[in-house]
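Let chain Z serve as the given structure and place chain A on it in line with the hints.
First to last, the protein sequences are chains Z and A.
Counting from 1, one number per residue, gives the positions in the first sequence under our numbering.
Counting from 1, one number per residue, gives the positions in the second sequence under our numbering.
Worth flagging that the hints you see were computed from the coordinates, not collected in a lab.
Treat the hints with care, since some could be wrong.
A pair holds if it fits inside one copy or across any two, identical chains being indistinguishable in the list.
[What the hints assert, rightly or not] In silico DSS-like cross-links for lysine-lysine, where the CA-CA straight-line distance does not exceed 30 Å: (1) K9 - K325; (2) K51 - K325; (3) K328 - K316; (4) K51 - K37; (5) K9 - K324; (6) K302 - K325; (7) K81 - K266; (8) K51 - K316; (9) K324 - K302; (10) K248 - K325; (11) K324 - K81; (12) K88 - K316; (13) K9 - K37; (14) K9 - K266; (15) K266 - K248; (16) K328 - K302; (17) K88 - K51; (18) K216 - K81; (19) K302 - K51; (20) K9 - K328.
Residues per chain are reported as follows:
Protein chains: 2
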Amino acid sequence: MKKLFKKRKYSADEYAQGILQGDRIILSRAITLIESKLHSDNELAETVLQKILPFTGNTLRIGITGIPGAGKSTFIEAFGKYLTSIGKQVAVLTIDPTSRKTKGSILGDKTRMEELANDVNAYVRPSASGDTLGGVHSKTRETMLLCEAAGFDVIIIETVGVGQSEVSVKGIVDFFLLIMLAGAGDELQGIKRGIMEMADAILINKADGDNITACKRAKQEYANALHMFAPQENRWNPQVLLCSAIQKMGIAETWQLIRQFEIHAKENGSFNRNRQTQNRQWMHDVISYYLQHNFYNNGSIKDVLPNQEQRVETGKTPAVVAAKKLLKMAEVAGDKKTCEIY
Amino acid sequence: MKKLFKKRKYSADEYAQGILQGDRIILSRAITLIESKLHSDNELAETVLQKILPFTGNTLRIGITGIPGAGKSTFIEAFGKYLTSIGKQVAVLTIDPTSRKTKGSILGDKTRMEELANDVNAYVRPSASGDTLGGVHSKTRETMLLCEAAGFDVIIIETVGVGQSEVSVKGIVDFFLLIMLAGAGDELQGIKRGIMEMADAILINKADGDNITACKRAKQEYANALHMFAPQENRWNPQVLLCSAIQKMGIAETWQLIRQFEIHAKENGSFNRNRQTQNRQWMHDVISYYLQHNFYNNGSIKDVLPNQEQRVETGKTPAVVAAKKLLKMAEVAGDKKTCEIY
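Chain Z on its own, in the form it takes in the complex (with noise of 0.2 Å):
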């Protein structure tokens, strides 16, 4: 790898070639282009994916949802190094929505999965979510194409399931798992309504020690739960599996089963149909977040919406001529300034 001057600035060609051949290096500071909210490194940073863009999906997408304290980076550092193990290269990607992106945050990150951030087939990134409008899953999609033109091919999401995050993130990922915790109560564990339903898998975790019990217990509670709710598109039956990330207990049989998964959703044809509806959507999704952040930011707009927010809340105003109020506003007063934003 090349030494680099803090100043140096890469071209699009150069981006990409370093991407294609692993350069981490590049790839780091493509990713922070991707991330930058100037307007030169996004027309920047869509060249390079433009480029890249050939390169990419030959991959396993997955993501990884718990609350806190379920053990999602123990596991997913014993799940990685397994991995890495037998011959993958591993990306992981962590959304935190609650913390803002400081220095900080990324040493934690880093520190979490120390690990499996120093194996040489792995890369541990912690990614922006600095908006919340479609923000989150634009820049991690985007930045999840640049690990896979690097040639990762096991690429992992991990968010915290307590938010909105998960519910872009499940756009984004070929298979969903959500880890658990037995015994905890489970309407201590705080998971998010809606959450359950969108996994593939369950993982209780802890499963070791005086634990184990309680923990069968919670699986086949899960299961019973799991029945309950309509079959997916996919036709995928969401399993339940028990793992002691800390004992590295249930990794393998955890790869094992999105490995079925995998050889099933491709064998019905759903795992293609499920990228391509995922990237027509990631479009729509673009394009009704600038649609809205160009509203949302337009000044005459900020200065009266929380007048008619209070307004509509207190049942003054109807929602309707609010909104129709605003939106004639935005077009008298805004017309030319959205442009920059492109």
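Same frame as chain Z, but now just chain A:
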């Protein structure tokens, strides 16, 4: 009630007065006005809404969903008749996202609840659902407001639990009731993933004759499943009840439960908080709807969208590149056209 001539047009004041006096014919005409796609009708409708808004809201809004065959209409007829028998005024708005709004489907809906529709203290009206992008609940919400101003104190919104509309309905009601069957095999019930978690109560219908044992078992299973979900913001524990709509059993109990919920939610403040959030969200939904409506109805977008979608689906163009290309195109081509639809 006055005899009306077909061509007679009302002013906003005449609409408002008629509605507040509980005139069913004017109410029906006002709902048609709300559902109209004509620009001039929209303006009049919004003025009417503004006038009647102070007389809305002091009601209970109940969403009812379930797959076809679960017995929703039979239940609503029995439930509605029970409510009118204890002095309530009941409006039933039905949303069938699968049927276009034709004379046929309107008559069909009315026939389904004939007894209730002929009750002087009830009003049954199918709600148009032509628009998919948020249009369903936008029109239904406004229709609900008109019914409230006309003096109905329980509003029932019925929808088929297999599409997207019940998610919208959850966002406009105080209490969300899911009607299920026992013994049909959960996989066969085809209820959309995510719906069960939105329920404030699950009613297992057709709990009569030989079916009672199966229903009791199902009740336990659903209660276990509901237990797995995190509590809602309102701290209400969703309940499972048995009922036989055809034998009019479990009807009064359902009303008791809903009243319990109302007391609970009003005591802890979540009832009003939920309404305020819904109102604010409604405004943002309308904004989002029109932003997207304008974009996707732009002539030049319509022309190129299929090709861009196809390129994105098959991985030829990055989603973000296609999205921005389309956004730029809409901006250049469509600027002034958008005004007319507000």
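Exercise for the section: Please name the hints from earlier in the document that this structure breaks, with their numbers sorted from lowest to highest. Expected result: Violated: hints 10, 11 and 14.
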